[in-house]
Amino acid sequence: MELIKVWDIPGGVHPPENKHQSMVEPLGQIEIPPQLILPVSQHIGAPAKPIVEVGQKVLGGEVVAEADGVFSANVHASTSGTVAAIVEHVVPHPSGMRDTCVIIDTDGKDEWVALEPWEDYTQRDHDDVVKRIRDCGIAGLGGAGFPAAVKLNPRSNHTIDTLIINGTECEPYITADDMLMRERADEIVAGTQILARLLHDPERVIIGIEDNKPEAIERVRKAAEGTNILVVSFPTKYPSGGEKQLIQILTGREVPSGQIPATIGVVCQNVGTTAAVYRALRYGEPLVKRITTVVGEALEQQRNIEVLLGTPVHYVLDKHGFNEKKASRLVMGGPMMGFALPDTSVPVVKTTNCLLAPSKKELPPPEPAMACIRCGMCAEACPAELLPQQLFWYAQAEDLEKLETHNLFDCIECGACSYVCPSHIPLVQYYRAAKGEIRQHRIDKEKSDRSRRRFEFRQERIAKEEAEKEAKRLARKKAAEEAKKKLAEQKAAAPADAKPAPAEDADKQLAKLERLLASAQERLKKAEQPLTDDATDEQREKQAASIKQAELKVSEAQKKLNEFKASNIAKTSENKPASDDPVAAAIERAKAKQTMAPEEKLRASIESLQKRLEKAEQKAADAEADKPDMVDALKQGVAKLKEKIASAEKELAELAPAKSSASKEDKTSSTPDAAQAAIERAKAKMSMSPEEKLRSTLESLYKRLEKAEQKAADAKAEGSDKAEALQQGVDKLKEKIASTQQELDEVKPSTVAEETPQDPATSDAASLAIEKAKAKAAAMATMSASDKLRNQVDSLEARLEKSRAKLAKAEQENDDNVDAFRSAVTKLEDKLAATREQLAEHE
Amino acid sequence: MALKRITSPHTHRALGTGAVMRNVVFATLPGLVVLTYFFGLGTLHNVLLASIAAMGFEAAVMKLRGRPVWFYLRDCSALVTGVLLGLALPPYCPWWLVVLGSAVAIILAKQLYGGMGFNPFNPAMVAYVVLLISFPLQMSQWAAPQDIGGQTPGIVEALKQIWLGSPIDGYTAATPLDTVKQNSSLMLDALYLQDPVLSAGQFAGAGWEWANVAFLLGGLYLLYRRIFTWHAPVAMLASLSLMAALFYDGGSSQSGGSVLFHLFSGATMLGAFFIVTDPVSSAVSTRGRLIYGAAIGVLIYVIRIWGNYPDGVAFAVLLLNFAAPFIDYYTLPRTYGHKKSERATRKVDQ
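From first to last, the protein sequence lines are chains A and B.
Note that UniProt numbering numbers the first sequence so that position 53 is 53, with each residue one more than the last.
Note that UniProt numbering numbers the second sequence so that position 83 is 83, with each residue one more than the last.
Since the hints were made in silico from the structure, they are not lab data.
Take these hints with a grain of salt, some might be off.
[Said to hold, decoys possible] Stretch by stretch, here's where chain A covers chain B in the computed footprint (C-beta under 8 Å, at least three residues): (1) 8-18; (2) 110-121; (3) 280-287; (4) 311-317.
For glycine and all other residues, C-beta sits at the position ideal for the given N, C-alpha and C.
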């Protein structure tokens with residue numbers, strides 16, 4: 001056999017071993033307890049998620065809680081029974097905290113799920129094996145409970161050259177691994193071979209055992225004969241069994257601070273874990289039991305037992321004649337690193353290697369701590385080569401920075417320093433507390449850093465915006481000055497017949513004229529505001545005068561605008577390329593949509609709709625409480641939203657199966673279909689005659705108007721301060737409609753003219769039409785509010801009629817869109833009613 | 001059922017602070033015996049008186065501070081301070097000198113800083129230096145060793161001298177360190193032949209050499225019991241030897257004395273194993289203790305040869321007490337998993 005150099009570790013202590021007591025008797029068994037308590041978190045990492053229900057029958061080996069992610073482990077029922085509860089229960093933890101546990105009333109039948117043994121487990125491929133290990137819920141049985149499968153998939157940048165199986169068991173009293181190695185050396189060796197294969201056969205595969213277990217060493221050596229596994233024994237010293245220490249002993253390498261053994265090419269597993277891996281693969285057995293040492297002078301019987309996970313500690317103790325009065329404490333784990341249990345109702349879990357019930361004579365209560373005399377015995381004992389006395393000093397002073405410079409986080413909390421401390425200072429406890437404090441401090445720091453960064457970023461953004469605004473303002477100012485100058489020049493030049501201004505100027509002028517008109521209208525509206533009854537005659541007269549003036553101004557503005565438009569329109573209607581732009585933009589948009597899958601789009605819209613629905617519902621609920629008059633409107637809104645969501649979901653549902661059933665090729669081609677259609681539409685638009693175009697614009701404008709009016713009405717009902725703005729929007733839309741209508745009117749004759757260029761009469765007709773449109777626009781502009789409303793009512797009535805006709809048709813034909821039509825009709829009806837009401841108010 | 005919640009580890013080594021201190025006291029016994037044999041009852045009286053006074057002051061301060069008196073007396077740290085001070089003071093010095101020294105050690109040097117574990121300076125050495133500076137006459141009168149002065153003073157004579165101040169005739173003699181320091185004309189060989197104390201001794205002066213050997217034995221016992229590590233004392237003795245060897249110059253009239261002479265005269269061994277090893281006021285890491293001890297060794301030689309005082313252990317120790325926290329900052333051990341040792345002055349991103 002190849003010899004391997006065994007390295008020494010710094011520090012370490014030699015506490016009394018006390019291992020013989022539990023090795024007198026052979027490995028024992030205890031009966032199935034009446035109740036099992038299975039914590040969902042028996043390992044390091046995310047707690048498993050319970051997947052059983054209260055009252056459900058479970059069989060042995062059935063998963064009761066499922067691993068939540070990679071850093072987690074399944075929890076299985078240890079025997080058959082009924083799920084009695086899924087509750088918070090005290091779990092084995094130093095703090096005595098409570099955690100979710102699945103509680104099972106056992107039925108004593110021990111019926112099991114059908115396991116799937118693998119005769120050919122050595123032939124199975126890597127992923128299957130890792131999956132089985134994961135499925136069987138195997139977590140490190142040594143101490144920390146690290147999910148075993150995680151270590152078996154090392155990152156690609158880590159080449160594992162050494163696999164170490166830890167059979168050190170350096171803690172006093174504990175003999176569970178010793179017993180396992182004596183009884184099941186074959187399983188350990190087979191498990192080791194499995195692990196080695198999973199790690200692509202590392203150069204060295206070592207089973208490390210302390211030399212105080214000669215029988216175990218012999219058995220394992222014998223079992224490993226003929227394999228490439230090295231069984232290495234080394235001098236007994238606490239804490240040789242610490243993962244980092246064992247790696248140092250067997251390889252001379254140190255795991256870099258803050259990193260995992262895989263970074264230096266080492267993977268370490270406990271012998272118990274290794275045996276469990278073998279049983280999982282060979283027999284399909286999940287991890288539901290383990291060997292635990294039950295020891296201490298407060299017990300009548302001291303031995304190792306194989307115990308079901310979840311067995312309450314008091315059940316185990318009762319079976320071993322526990323004398324509570326005699327016990328100084330009850331420890332889960334060994335006397336160096338184990339923790340005192342707050343009570344005996346906690347269960348045995350995957351990491352429970354020992355239950356220690358010492359008498360007061362055996363482990364007397366700690367003496368009161370004295371002052372630290374900095375004797376340095378702790379530093380001599382420290383296997384991590386820290387300066388515990390300095391750490392203690394700084395921990396007391398809460399000097400977190402010094403604690404970190406003294407490498408507090410490299411402390412493995414082995415307790416060697418506390419063990420040797422002549423002043424009986426609970427050093428490890430100080431370090432645990434200090435670590436917690438530093439972690440908290442780091443979290444707080446990060447939080448405050450983040451908010452500071454956010455604040456700074458915001459300040460920066462605001463400053464940038466201000467600067468941009470300022471720049472824009474300056475640019476505008478400059479432009480205005482230049483324009484003024486130009487105007488002055490033009491005036492100075494005073495051209496008799498002004499040539500048509502360039503297109504941009506025309507746009508500008510148009511905008512200006514429109515603005516002029518809008519402001520004149522606004523003023524008129526203000527002037528028209530009804531006076532209160534007690535207004536004096538003088539006031540009335542004044543108002544009449546101002547109304548007249550305003551009306552004059554409006555008509556003037558309108559005239560100017562119309563003249564300008566008339567002079568321009570001819571050009572623009574000929575100038576087809578100008579109208580290309582929006583079409584091209586539409587194509588662009590459609591193309592952009594192509595990149596977004598329709599499904600995604602729908603989902604996004606559903607999401608946003610749902611959000612809106614939530615808000616709307618909230619509002620409705622609020623309103624119910626204090627504004628009963630608004631409730632109806634809000635409820636309507638909610639209903640509408642719901643409808644929308646339903647239809648969107650329907651669409652999505654229709655889309656989803658279509659998509660899933662479609663082949664890959666279809667998928668790629670089906671997505672652009674919608675986009676293609678949009679492109680088609682846009683193209684169609686391009687080929688449309690200007691008249692048609694205008695008509696469609698007009699239509700869409702009407703639609704928008706309708707919506708805007710609805711919104712404005714809602715806003716008014718709610719008394720929201722947005723009402724005014726919305727009303728303005730409505731007015732603007734109306735204006736646009738009017739102008740479009742006018743354009744349309746103008747275009748109609750012009751197209752006619754084009755068709756019959758020789759006919760001189762048509763030109764007259766056109767000018768007539770222009771005249772008419774002008775008159776109409778002027779009339780509209782000067783119309784009183786009630787007239788406007790009346791107009792609206794008329795048009796609404798007409799539309800309603802049409803919609804009703806459509807609906808009837810759709811109903812007859814059983815069209816899919818019936819619903820939509822119906823809702824449109826009801827909407828129109830509502831609106832009509834509302835408008836009529838308004839009209840009534842005006843008159 | 002509720003159980004006691006006790007933090008790990010649950011088992012402890014039997015050795016407590018009280019036991020450590022008692023071990024130290026026990027280890028001084030050979031030295032005390034040898035001193036008493038050569039110089040009479042003076043030292044024994046000093047030790048007893050200083051111990052009682054030190055414990056008395058400790059108890060008084062504890063009472064003043066409202067602390068459990070017995071709990072703190074039991075740690076025996078005051079006893080150790082008293083014993084060490086008693087051993088360092090000249091035999092047959094007046095009683096008030098001893099009591100005053102104990103008061104300075106316990107009250108000034110220890111309790112005013114917060115009591116055990118918090119004193120930056122070695123209390124016994126603070127007291128010794130305070131007395132040496134304040135009462136140079138009384139502090140520089142050492143008794144002659146038995147071999148050359150004929151008889152050591154009897155009990156009655158001794159008590160009279162100590163408590164009543166009635167002087168004993170001609171009981172004092174220059175110490176070997178004094179002799180070498182005062183010498184300016186004789187070769188060392190000649191000096192060894194001429195001086196009564198040196199000529200009566202084997203290698204470092206009658207009485208003194210054996211007292212040092214006895215303290216060395218006590219120190220080895222403590223090392224064996226792992227009460228402290230070898231680093232500081234060995235470093236101190238090594239650097240002192242090195243200095244002595246460097247400046248020996250073959251034994252001329254300017255010579256500082258041989259290596260053996262320096263190792264076994266004055267307070268060398270007492271200092272090396274009982275003062276330098278005081279954990280509270282020394283550096284903490286292994287490397288730190290090597291530096292701390294070596295620096296003390298160098299300073300002892302410097303003070304002995306070029307300073308105003310014949311011996312320099314107390315001054316050297318106090319100077320390095322000042323430096324100990326500084327040494328600690330730069331001598332952190334290399335922690336497991338770290339490429340190199342860090343400095344405590346390193347900035348940490350928190």
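Status of the hints after comparison with the structure:
Chain A is given as covering the stretch 8-18 of chain B, and this holds because 9 residues of the stretch bring a CB closer than 8 Å to a CB of that chain, at least three being needed. As drawn, the stretch 110-121 of chain B meets chain A at 4 residues by the rule of a beta-carbon pair under 8 Å; at three or more, the given contact holds. For a cut-off of 8 Å, the count of residues in the stretch 280-287 of chain B with a CB near a CB of chain A stands at 5, and the three-residue condition holds. With a threshold of 8 Å between beta carbons, the proposed coverage of the stretch 311-317 of chain B by chain A is violated, since 0 of its residues qualify and at least three are required.
In summary, the one numbered hint that this structure violates is 4.
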